[in-house]
Amino acid sequence: MEYWATIGIAILTYAVLSVSLNLLFGYIGELSMATAAFFGIGAYTAAILSMPPAQSIAGLTLSSGVSGYDLNPWVAGVVGVVLAAVAALIISVPAVARVRGESLILLTFSFQLVFSQLLTSMQSVTGGDQGISGLKPLAIFGHEFTQARQAIWFYVVLLIAVVALGMLLGSSPYGRLLRGMRESESAVLSVGKPVIVPKLLVFSVACGIAGTVGVLQSNYLQSVAPASFDVNVSILVVAAVVLGGAGNIWGALLGSVILGGLTPVIRNFTADAHASQWQAIIFGVALFVIIAFRPNGLIPEGSRLRRGRRPQPELSEATPTPDTAHSRIEVTSESRPVALAVDAEPILVVKGLSKRFGGLQAVNDVSFSLPERTITALIGPNGAGKTTIFNLITRAITPDAGSVTLRGADISAMDPREIAIQGMVRSFQDVRVFQKMSALDNVAVAVPQQPGEWAWPLLLRPVSSRRREREVRDRALDCLSLVGLSKVAQQPVGSLSFGDQKLVAIARLIATDGELLLLDEPTSGVDPGSVEGVIEVIQSLRDIGKTVCLVEHSLHFVDKLAEHVIFLDQGRLTAEGSLEELTSRPDLVTLYFGT
Amino acid sequence: MSDLTIGHSAGRRRIAMGAAVASAALLLAACGSSSGSSTSSSPASSATGTTAATPLNAIFGPGGAAGGQNVTVQDGMVLALSGPGLVYGDAMQKAANLAAEQIKAAGGPTFVINTGDHNNGDPAKGLSEYQRLVSNFKIQMLQTSYGAPSEAIAPKLVGDNVLGFNGGGASPGQIGKPNLWLTRMIFVLDPTPGGLAYLAKNNPDALKLAVVGQKENGSEVQEQIVPKIWPQLTGGKGSIVVNEYAPIGTTNFDSIVAKIKASGAQAVFTTTYSDDMGYFVKALRDAKIDIPVMGIDVSDNFFKVAGKSVTNVFAAAEQYDPTNLTPWNKIFVDGWTQKYGSAPHDIYGANYYEMLFMWWNLVREVIASGGDPNDPAQLQKALVANPTFPSLYGGDATKTGTMTFDTTSHTVSKPMYVVQLNADGSQKKLQEIKRIDYTKDDPSTALVGSPLG
Amino acid sequence: MNMELLEQLLVSGIVLGSLYAALAVSFGIIYSTTRVFHLAHALVFTCGAYAAVLTASTFGTPVWVAMIVGVAASILIGLGIQAGPYTIVQRRSKDPINVFIAALAVGIAGTALLELLFTASNRPLTGFPEHTFVVGSVTVTLVDVVSMVVAWLSILAVGLFMTRTNRGRAITAVRTNAGMAEAVGISKKRVYLLVFAIGSAIAGLMAQFVTLNGAATPSMGLRYVLIAFMAVFLGGIGSIKGAAVGGLALGLITMLTGLWVSLDYGTAIAFGVVIVMLIIKPHGLFGRAAV
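Chains as they are written, first to last, in my numbering: chain A, 1 to 595; chain B, 596 to 1048; chain C, 1049 to 1339.
Because the hints were derived from the structure by calculation, they are not lab data.
Computed from a predicted model, the values in this text were never measured in an experiment.
A few of these clues could be false.
To be verified - Cut-off 25 Å, straight-line C-alpha distance, at most; resulting in silico cross-link-like pairs (SDA-like, lysine to any residue):
| # | chain 1 | residue 1 | chain 2 | residue 2 |
| --- | --- | --- | --- | --- |
| 1 | C | Lys1329 | A | Phe283 |
| 2 | C | Lys1329 | A | Arg98 |
| 3 | B | Lys899 | C | Lys1142 |
| 4 | C | Lys1142 | A | Val285 |
| 5 | B | Lys803 | C | Lys1329 |
| 6 | B | Lys883 | C | Leu1054 |
| 7 | B | Lys903 | C | Val1183 |
| 8 | B | Lys903 | C | Val1186 |
| 9 | B | Lys803 | C | Val1186 |
| 10 | B | Lys925 | B | Tyr935 |
| 11 | B | Lys903 | C | Ser1185 |
| 12 | A | Lys136 | B | Ser1004 |
| 13 | A | Lys487 | A | Arg432 |
| 14 | B | Lys883 | C | Ser1185 |
| 15 | C | Lys1289 | A | Gly101 |
| 16 | C | Lys1236 | A | Ala292 |
| 17 | B | Lys733 | A | Lys487 |
| 18 | B | Lys899 | C | Val1111 |
| 19 | C | Lys1142 | A | Gly494 |
| 20 | B | Lys899 | C | Val1194 |
| 21 | C | Lys1142 | A | Phe283 |
| 22 | B | Lys883 | C | Leu1165 |
| 23 | B | Lys903 | C | Lys1142 |
| 24 | B | Lys689 | C | Leu1165 |
| 25 | C | Lys1142 | A | Arg179 |
| 26 | B | Lys899 | C | Thr1109 |
| 27 | B | Lys899 | C | Leu1165 |
| 28 | B | Lys803 | C | Val1111 |
| 29 | B | Lys899 | C | Thr1180 |
| 30 | B | Lys796 | B | Asp885 |
| 31 | B | Lys689 | A | Pro264 |
With the hints as constraints, model all of the structure from the sequences given.
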């Protein structure tokens, strides 16, 4: 019985570690080779803090009698978890900055190896290769739990808590934000949402989880030693996650059951002197067979097993879905753009904008203003610098020179996210909607003021978080209705037509409450049947008070939409005015259409 | 851990008696063999044992019911059965199997050997294996190895009613633990004073000492004891000019050797062992540093790695000497050679073989006092009551050596020597040494008697 | 600072660094071309050592014959692993993490097999002439000198091969754009086998010198492969020069830290440097961003 409990504990330990790694891999898409290091940070911190001061035997200070601080094990444990979560910054900060993919794998590898090395080298602190033994046992209010069959319940509770936490985060605004980030960070930034802190948070949560099971282990085993926290353990956790089907909790759990359970099963069949070697061989072969025949893992993402479990967000019943053929806001019968109102305040003033890429002057001293509540079009031949200007004024790229003011405030020093919050939001030529998420979720990401995105309000203020989430969903649905897509709110955006995807992108921008919308080629690639719909939506945007600036190639649409046109050529602003004025200039016509 | 007063007398008497009885039995058997004599224990001949009294019985006493023939012992071994430590686990396993075989043939208990792998010293794994052995096989006896796993297992022994022994990685953290007995001198701790004393005495001009060690076991000796006693041994003139650590598994000692060269050291003391010591010595000699080297361990792997570099190298360690054929040792060596194809040569085989025989003695005593030989608690009581046992160490051609345990610290004192190591793998005993009390004894008293050979 | 110590550490650092450099190149050429994290490279390394040891002890051949056999064994095993387990997995999935797991599996099973066959006790390789050169206060053995020379010659050979021969250029093509390379008729499969052969050969070659300096043990390869991996990243993936410089740097760092701290911390410091480098220059000293 005790033996099976021990096996159970080993499996549960791997399970918790796998969930930890899976959080990272599923949400950030990065694989860490340092899970065992954080496992160890939790364990050793708890050990060192809760250990009594060193004993003396034979006139020596015992080497395994590392001098501890004799703290209450629960306090020591909490510190251990916190330290693990904070130590995560060592890998999360570089990860967020620039270190991705293989480089991040190597970074975490190095971190793991340094950690293991320090454990053995810093003997006076960590007890070296022997580790630290004689720790206080697992106990609640004096009741001790030293047997495996008692301790296993702690592990079970921990696993359940961790899985529940994962699920809570997953279905929260935070999870939604992370899923969006996974697909397109630039899109997330462009709707005013953060990218850095959420990522740091994922790392900290994942590493904190690993640290927690480390604390538990140190108390159950009443000892810690470097061998339990070395690179082999990290690699096995990676194997478990991949085997199970990376990116989903159930796969990770299954993977760790297999990994943890395989060895004892094999042991029961090989009982001779070389059992260990045979076990390793069978283990290696089994691992290979599984990965060769189920390369996506045993429970791959998107399998039936998984889809059935995905919680479907519900639409609130109270708001009637305005799902009629005339879901768009009524536009005036006058579909031709009106002339510029002379006294309209410019919402955006751009002065002297320039950018050089190597030998190419992409944007050359461009200045213009965008009056409020108008639709302006940026036109010009390919390579004229139109999208670059969008990138420059939203600071996706840093200009060499020039200033940009939004509503009189100088935004030249802000980053794309801050600019989006100030009210200038942009769409992308390649749309950048979150393909795997529903249309509703896509739009919901952009709704401002969501405390749930910072994760802890979910735990500390669950009721108000849930209420806010309902409001957010309602608002998102409204935005979708404005573009006439409320019917497909629950569909994954990847399954929608390109034209509809562009509409979702626009709905997303509307949700930000931004006043100035920069639309980059909103009709390109859209089938003729849907184009009219897009045009109507853009017009209705102006009618509800937004200012729109679009990059557009088709003069037909420019004609229909824009009151004001800016002509760019080779990075220079060549002409400005109404479309009629511009098309009456033969030099521009030649430039645009050739001879 | 004071100097042990060796209570050989009680043990010797028992052995002598056993020998007398056994010889008498042999005489009788020789006389009466043609008449087709004994089978298993008949009451009249219970003292004389079973069918064929093997030479073992002469040392340990007769087999049969009194000798525990009806007892089955579940023995759990937690060893290094994979990775670099496999070489030790292998030897230990072989030893236990040989002992079990021989004891059974001598009419003693049946030992069932169950093994577990602690993955080269992982305490979690060690503990898990121990629990598997307890759960699946209900072990009564534990033969454990390495420091960390044994320290993790130790707290569970009393609760599980298991009596355990460690003859391998005897670390200070295992001293005095209930139900755990160390059959090996404390690694690094015990041989160091003797080794240093020899070094100082035989190299009076060597004052600058370089100390190179590993941190896994005994680093506190390097940190606290060596700096204290080296000056004592050198009339206050000696100093430590290099104090370095190399992680277990280091193969490249170039950096340390460079430091030694630059420091002008005149002698080296090292606590590295096995392969590591081999690489170290090889690197030293390759760099043309010929100063004497004193280690604290002798192993096969060392010779294999260092090869021809083994010159001017010494070691202070407990010695298992396969050439010192005491009555018991001869049985051990012959049995091993026959079963495994080559002679045994290290302390690991010897220590783990000895343990089963210890158990046999305890079983016998408990039966004699009318107790339950299957109850480890009672066996331990017998151990405490009579802590002397035959040993493969010490003794001579006519008399088997003995070892006596200190019942407080649960440690044993075994003969230690300073030996000279030679490139051909041979060793030469130079000086006997003993364990001292660091806090009060003069370290030069670690040297026992006059130089040998 | 002790001049004598510095000089000796410098020389030792270059010796060690040369070994690391060659190993880094051997691993790097495989990794940069196939993007496979070939953990089983450790096994290839170890098998080269064992093959040599076995040949010498069973057939009593001169040591240089044994060394050649060792290199051949490494090549065979390396090719076998690529053509067998890796190809099987790659056919079924494009995800590099799967091949990583396959490499892990092969490594685990292979090392255990070696332990089964040879037990963990080490096997030395003897017979190489022994001599120590003394230059001033610096000593260096013949084995180490030859090892250095062989290491750099190998690196040079690989470099020349890559730039001057058609086959070498084919490797570069596959590395930079496999799809395009195949479109112009280069067989990706053949190129993969070629890089595995080259990488395994160098690994087997360096394994000989490591064994000469000590002995063969079943788990000897892993630490060298990890360091080689570090060196490749330090220097930048896809750059032979980078891998070599990375290896040399790691060797020097490991040795020279001995000037200030205990050898104990040497590896930790070397890895620490790698961490810092990754943060400052995620693509290594000579690497290019995402190829």
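Now the hints, each set against the structure:
no.: 1; hint: C:Lys1329 to A:Phe283; verdict: violated, 38 Å
no.: 2; hint: C:Lys1329 to A:Arg98; verdict: holds, 9 Å
no.: 3; hint: B:Lys899 to C:Lys1142; verdict: violated, 46 Å
no.: 4; hint: C:Lys1142 to A:Val285; verdict: holds, 21 Å
no.: 5; hint: B:Lys803 to C:Lys1329; verdict: violated, 46 Å
no.: 6; hint: B:Lys883 to C:Leu1054; verdict: holds, 18 Å
no.: 7; hint: B:Lys903 to C:Val1183; verdict: holds, 23 Å
no.: 8; hint: B:Lys903 to C:Val1186; verdict: holds, 21 Å
no.: 9; hint: B:Lys803 to C:Val1186; verdict: holds, 21 Å
no.: 10; hint: B:Lys925 to B:Tyr935; verdict: holds, 15 Å
no.: 11; hint: B:Lys903 to C:Ser1185; verdict: holds, 23 Å
no.: 12; hint: A:Lys136 to B:Ser1004; verdict: holds, 22 Å
no.: 13; hint: A:Lys487 to A:Arg432; verdict: holds, 21 Å
no.: 14; hint: B:Lys883 to C:Ser1185; verdict: holds, 10 Å
no.: 15; hint: C:Lys1289 to A:Gly101; verdict: holds, 22 Å
no.: 16; hint: C:Lys1236 to A:Ala292; verdict: holds, 21 Å
no.: 17; hint: B:Lys733 to A:Lys487; verdict: violated, 67 Å
no.: 18; hint: B:Lys899 to C:Val1111; verdict: holds, 17 Å
no.: 19; hint: C:Lys1142 to A:Gly494; verdict: holds, 22 Å
no.: 20; hint: B:Lys899 to C:Val1194; verdict: holds, 22 Å
no.: 21; hint: C:Lys1142 to A:Phe283; verdict: holds, 23 Å
no.: 22; hint: B:Lys883 to C:Leu1165; verdict: violated, 37 Å
no.: 23; hint: B:Lys903 to C:Lys1142; verdict: violated, 52 Å
no.: 24; hint: B:Lys689 to C:Leu1165; verdict: holds, 17 Å
no.: 25; hint: C:Lys1142 to A:Arg179; verdict: holds, 23 Å
no.: 26; hint: B:Lys899 to C:Thr1109; verdict: holds, 19 Å
no.: 27; hint: B:Lys899 to C:Leu1165; verdict: holds, 18 Å
no.: 28; hint: B:Lys803 to C:Val1111; verdict: violated, 40 Å
no.: 29; hint: B:Lys899 to C:Thr1180; verdict: holds, 20 Å
no.: 30; hint: B:Lys796 to B:Asp885; verdict: holds, 18 Å
no.: 31; hint: B:Lys689 to A:Pro264; verdict: holds, 24 Å
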